[in-house]
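Participant: Full structure from sequences and hints, please.
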Amino acid sequence: VLEPEQELRAGQDRFDRLEGMRGAPARRVLEPEFGPGYGKLAVLRGQAQSSARPAWRLWSDSMRLVLLGAPGSGKGTQAARLKEHLQVPHISTGDLLRAEVAAGSPLGLAAKEVMARGELVSDAILLGMLEDRLSRPDTAGGFILDGYPRNLAQADALDGLLTRLKQSFDYAVQLDVPMELLVERIAGRAKAEGRADDSPESVRTRLKVYDDQTAPVIEYYRQHGQLTVVDGVGDLDDVFTRILEAIQPGH
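The sequence shown begins at 1 in my numbering and counts up one residue at a time.
Now the in silico label distances, taken between C-beta atoms and shown as ranges: (1) Ala102 x Ser168: 28 to 36 Å; (2) Leu120 x Gly160: 17 to 25 Å; (3) Arg222 x Leu161: 17 to 25 Å; (4) Pro106 x Gly225: 31 to 39 Å.
DSS-like cross-link-like pairs, simulated, lysine-lysine; straight-line CA separation at most 30 Å: (5) Lys83 x Lys112; (6) Lys208 x Lys83; (7) Lys208 x Lys112; (8) Lys166 x Lys83; (9) Lys191 x Lys208.
FYI, nobody ran anything at the bench for these hints, they're computed from the structure.
For each residue, glycine too, the CB sits at the ideal point set by N, CA and C.
Facilitator: Quick look at the structure:
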């Protein structure tokens, strides 16, 4: 058992290391490690809050993000890393839809019927699935939303949903990658896999549709002061670091 002075010293060392965990809810890291003695580390919290340096979101209870990025932008990879780093669920609407259909839930059955007719699942059904998912206990500390919203109506609906759930919203993070690099990534991957469906021409068409659909969403979050644009070109670690820097408070 550590003496109080040793515990405080250990806490200071741990805190110093946590300063690199931008956006991480450090309370959930410190409490399991130091147990009841965590109260003795309150002074460290005061130091973090009163420091003249930019404070990382070490003491936040939540981090709620929307990830925006074209196919090939690396959004899925970065979402997985953020999930691990922030210790919040990564909610992909595509995965959520498949899970609801497989589970045979009322919304899943409704979606299955719509898809069987070759139609797109309505915004109302997707919003219902999201409301159920965001009401679960594991989202109390936040979430990373991927694949939603895709249009202005969905962005407005999400805002209303979070208001009803009394949940705040932090950032919409847009991974910015030039179109020609996206074409190179997607077409190159298709070629390596022996597929002819993703030719450079077809990829450009898909990306143009994506841009046209999401441009109003990006502008929506920009006007609300919630958009942060991150350069998605380069090493995965570098891109991840840029995201962490972009979601720190006051950025």
